[in-house]
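Asker: Below are the chains, spelled out letter by letter.
There are 2 protein chains.
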Amino acid sequence: MGIRHAPTILPGLLLAMLAAAPAGAAQPRGKTIVTQGIGGKVAPCASCHQANGHGGGNGTYPRLAGLPAPYIRAQLEAFRSGQRSNAIMHGIASGLSDPDIRAVAAWFAGRKAPWPAPPGGAKAAVRAGQELVAAGDPARDVPACQDCHGPGLRGGGPDIPPLAGQWQDYLEKQLQAFADGSRPGGPLDLMGRIAHRLSAKEMHDASMYIAGLRPGQSVEIPRGGKTSWKPKPQSPDSFTPPPEPTMPTAGKYGRMVQLGEKIFMDTPRYAGKYVGNSLSCRNCHTGRGRTATSSPMWAAVPMYPKYRGKNDRVNTLQMRIQGCFRYSENGKAPPPDGRVLVALSSYMHWLATGMPIGIKPKASGYPKVTEPAAGFDRDRGRKVYASHCAVCHGDHGQGRVVNGARVFPALWGPQSFNWGAGMHRVNTAAAFIKHNMPFSDGGSLSDQQAWDVAAWIASQPRPQDPRFNGDLAATAKRFHKHRKYDYYGRKLDGHTLGAPGTLGAWEKKHRASD
Amino acid sequence: MGIRHAPTILPGLLLAMLAAAPAGAAQPRGKTIVTQGIGGKVAPCASCHQANGHGGGNGTYPRLAGLPAPYIRAQLEAFRSGQRSNAIMHGIASGLSDPDIRAVAAWFAGRKAPWPAPPGGAKAAVRAGQELVAAGDPARDVPACQDCHGPGLRGGGPDIPPLAGQWQDYLEKQLQAFADGSRPGGPLDLMGRIAHRLSAKEMHDASMYIAGLRPGQSVEIPRGGKTSWKPKPQSPDSFTPPPEPTMPTAGKYGRMVQLGEKIFMDTPRYAGKYVGNSLSCRNCHTGRGRTATSSPMWAAVPMYPKYRGKNDRVNTLQMRIQGCFRYSENGKAPPPDGRVLVALSSYMHWLATGMPIGIKPKASGYPKVTEPAAGFDRDRGRKVYASHCAVCHGDHGQGRVVNGARVFPALWGPQSFNWGAGMHRVNTAAAFIKHNMPFSDGGSLSDQQAWDVAAWIASQPRPQDPRFNGDLAATAKRFHKHRKYDYYGRKLDGHTLGAPGTLGAWEKKHRASD
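Line by line, the protein sequences give chains A and B.
The numbering of the first sequence is numbering that gives the first Met the number 0, which starts it at 0 and goes up by one.
The numbering of the second sequence is numbering that gives the first Met the number 0, which starts it at 0 and goes up by one.
Incorrect hints may have been included.
You can't tell identical chains apart in this list, so a pair holds if it fits in one copy or across any two.
With a Cα cut of at most 35 Å, we get these calculated DSBU-like pairs of lysine-lysine [stated by the list, open to error]: (1) Lys40 x Lys508; (2) Lys382 x Lys225; (3) Lys272 x Lys122; (4) Lys111 x Lys200; (5) Lys508 x Lys172; (6) Lys251 x Lys231; (7) Lys272 x Lys261; (8) Lys225 x Lys172; (9) Lys331 x Lys225; (10) Lys480 x Lys251; (11) Lys231 x Lys272; (12) Lys231 x Lys490; (13) Lys309 x Lys225; (14) Lys225 x Lys40; (15) Lys231 x Lys305; (16) Lys251 x Lys309; (17) Lys305 x Lys382; (18) Lys508 x Lys483; (19) Lys172 x Lys272; (20) Lys225 x Lys367; (21) Lys231 x Lys172; (22) Lys483 x Lys231; (23) Lys359 x Lys172; (24) Lys122 x Lys261; (25) Lys272 x Lys200.
No lab work stands behind these hints, which were simulated from the structure alone.
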């Protein structure tokens, strides 16, 4: 343990500079440690992980090339502290100072190395793994891996490593380690909680699939093939949507359902003409629209046509979705008989297979959370946000884009929903948050935390209400009647929410971090 | 029996002229018989029915005022022949020659007389009667009374008397008489068949309601009030739509469902802007869209969005209904988010309450009827038409309008569906006819009769296919590929079906009879 605090040869700052030095300059400290170790006390990393970070030992030694530096650093620190249990790595990490760790992390982060060869494996296992990885299991609150690890599992930010390109054996062992607690569960212990919900077979199958991914390959839910599943009439209160692999694929109908799913999962990409921000349907309707607490599509579909106070008329399903585009997507309404809405309704309709028409299910929208006796407080909420939300949604609600792909949604600012969306109200946001956030760990916040953080989020600048008529007070009076739960038009933090210019000023201030 | 053929005092023609003579001229023969009888052998009708035909005896003597002359004639003939069993009326009618009967019938047909006072009666019974009268019971193939007896039960043509204005006791006894065979069942014995399906209580209740109608009153299904009925998930193959009285009435949604029902039942009146003929949704979807063999709405709703070959795309429910307007209604497509289609889908959606989404029910469209070994023949079909269809649909397929209201739909000609409607194909029409015609007696025609009469109907002039591109052969080739079952473009009876001018020529010829 003493070694851990041993003085470094060079001051931290200079070491960091060396580590970051371009190739061809004096050999960076990271390379030195990796290739030569630290004489007498630290073996060279390369002896197991190879100098390019390719790893080896058939997965005993993970591939480190290209992993985010903060992630590698956190692992070395966890080995050193013993939080992450590994006798060899504990010994090695114990010989590394903080600057050493930073140097090594930077080195491996900058490496390129070939991906391990695909492990092969039984076709059925790989397919089962693919289904779990790509679709998750909303009924058990198991998210799809790419929900956090990004498209193609190429990484979800500094704390969330890529999984693609990793060794199968290593991946499987890590899932086991998350589950048995011998490895910390990462941000908010999310991986610990998720791994707990998986069987040993699922860990194996998932790792087999992931390790078989090739560079650039996207993660797709396996579809088609034989299935013994048959749709049957179900009770609205014990409903299970059809299994993902049974999604129709044949003909124009199949293609339409699949397009609907694509639009649902990545709305800006597949319906960009009607979208004015970075949000997708799935952001408010998690689990691909299946999660019972997250306004599931299968609960909505059977109830339309339905009267809606917001536009004071009876809405078909397509008209209801138009509202989402106008407000939550900060865009404009696609035509009710056009490709976008026909595709979305086809997908949603498929999700509702077996639901009885016109019988209101218990699962509908977000289950209400009663306002706590202590009310709600945006300053308390700011702290909840910092501890529980910022890791994914960013310090300024900007969400996260990795490798050009949106991984986590913006909660406020220009890329988020506008002042007309239902989610801008504290009560609605509290209900959503309480049951569905942190992602894959819904229900873990107290009611008080959910209301407080909802207030924090709901009191931030966002795009104008499209019903704004030029007069903020009049617009607020007409369309924002739930004054207690609605910050539209209020003066806070030196700006007036919803006033022209407020969002622009905010944007200018925060652009750098978005 | 000899009396029946007794020579008349005046030649028949002259007698008829007298009977039709205006008041103030020489007293017509009808009035003489009615008020004075025929000395020694026929008592004056007025002694029981009163001279103005008001009837009496609390319904022992029916009100005859304003009944259609052919109907009165048919009754007197049936009394005379003994087919309609009534000792007193047999004796009287036996004293009347054919011209006497015509004279008496004409007299009463021309009378006006007050309606009997409403019978009162238990509220629950009247309401039960109202429901049966106004809605029928599609599950038992009991039509609504006004389906044949016309709006407000003010009459459905020369053979179908008004029921409104009649005595309760008489109405109830006639239903019993239809059921026990002591009165002939009228055209095609339809009333015999329908009455057989009713309980004694239903006959009583129905007559109580009808006798309570006031002049000009419309027949409405009772809605609202208490009900123990609760929607529940159902199997698609043993589905029962919600009871009529439970239709939502409250708020904008209730009003929308009710508007949808109105459009469904009288499309030209409530959606006239989009209708180019005299047909209503209910004509192809009998029993208010409930009848299992008549393309019921509850079987269609859960299957949309759905691919449709006809327009080669995935259709929402609204897009599918647009097709009905374009072809079956010979009109134009209402907007998918406009009042007409939102109302219709709301009504249809309500009918499907409890149906599971996306599970194809056995009841769907018209159950296929295999083409008979002997094929089909329009000349045989012409005879079936004359014996089984013309009584309602007219000699020239023009249907029937009574007191300005459409009672029976036109099957061809300018007021019928156009060459693009599915029903113009022999196989489709055969399937509809076999299972649903004659109205309230579906299944009574042989397959051969259904196919033959379908061929007769399908080979008549009707409005142009809206896809017609100016070239009949090219249009037929592109859109009328089922040549065997499709007469579009064929030369028959000296005209070419679908050719410009054919319908106009037909119309000019038959306008008088429409």
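Asker: Each hint needs a verdict: does it hold in this structure or not?
Answerer: Evaluated hints:
1. Lys40 x Lys508: So Lys40 and Lys508 fail the 35 Å test inside a copy (47 Å) and across (111 Å) alike.
2. Lys382 x Lys225: Neither. Shortest intra-copy (50 Å) and inter-copy (53 Å) distances fail the 35 Å Cα cut-off.
3. Lys272 x Lys122: neither (40 Å within a copy, 60 Å between copies)
4. Lys111 x Lys200: Answer is within; shortest intra-copy Cα gap is 31 Å, inter-copy 88 Å.
5. Lys508 x Lys172: Close neither inside one copy (44 Å) nor across copies (88 Å); limit 35 Å.
6. Lys251 x Lys231: Intra 24 Å, inter 33 Å, cutoff 35 Å: intra and inter.
7. Lys272 x Lys261: Result: close within a single copy only, 15 Å intra versus 38 Å inter.
8. Lys225 x Lys172: within (31 Å within a copy, 63 Å between copies)
9. Lys331 x Lys225: Answer is neither; intra-copy 40 Å and inter-copy 43 Å both fail.
10. Lys480 x Lys251: between (44 Å within a copy, 21 Å between copies)
11. Lys231 x Lys272: neither (37 Å within a copy, 41 Å between copies)
12. Lys231 x Lys490: Neither. Shortest intra-copy (53 Å) and inter-copy (50 Å) distances fail the 35 Å Cα cut-off.
13. Lys309 x Lys225: Intra 44 Å, inter 30 Å, cutoff 35 Å: inter-copy only.
14. Lys225 x Lys40: neither (57 Å within a copy, 86 Å between copies)
15. Lys231 x Lys305: Answer is both: 25 Å inside a copy and 18 Å across each meet the 35 Å cutoff.
16. Lys251 x Lys309: So Lys251 and Lys309 pass the 35 Å test inside a copy (34 Å) and across (13 Å) alike.
17. Lys305 x Lys382: neither (40 Å within a copy, 49 Å between copies)
18. Lys508 x Lys483: within (28 Å within a copy, 73 Å between copies)
19. Lys172 x Lys272: neither (44 Å within a copy, 69 Å between copies)
20. Lys225 x Lys367: Answer is between; shortest inter-copy Cα gap is 30 Å, intra-copy 40 Å.
21. Lys231 x Lys172: neither (39 Å within a copy, 48 Å between copies)
22. Lys483 x Lys231: For Lys483 and Lys231, the Cα distance exceeds 35 Å both inside one copy (44 Å) and across copies (38 Å).
23. Lys359 x Lys172: neither (44 Å within a copy, 46 Å between copies)
24. Lys122 x Lys261: within (26 Å within a copy, 58 Å between copies)
25. Lys272 x Lys200: neither (43 Å within a copy, 63 Å between copies)
Checked against the numbered hints given earlier, this structure breaks hints 1, 2, 3, 5, 9, 11, 12, 14, 17, 19, 21, 22, 23 and 25; the rest are met.
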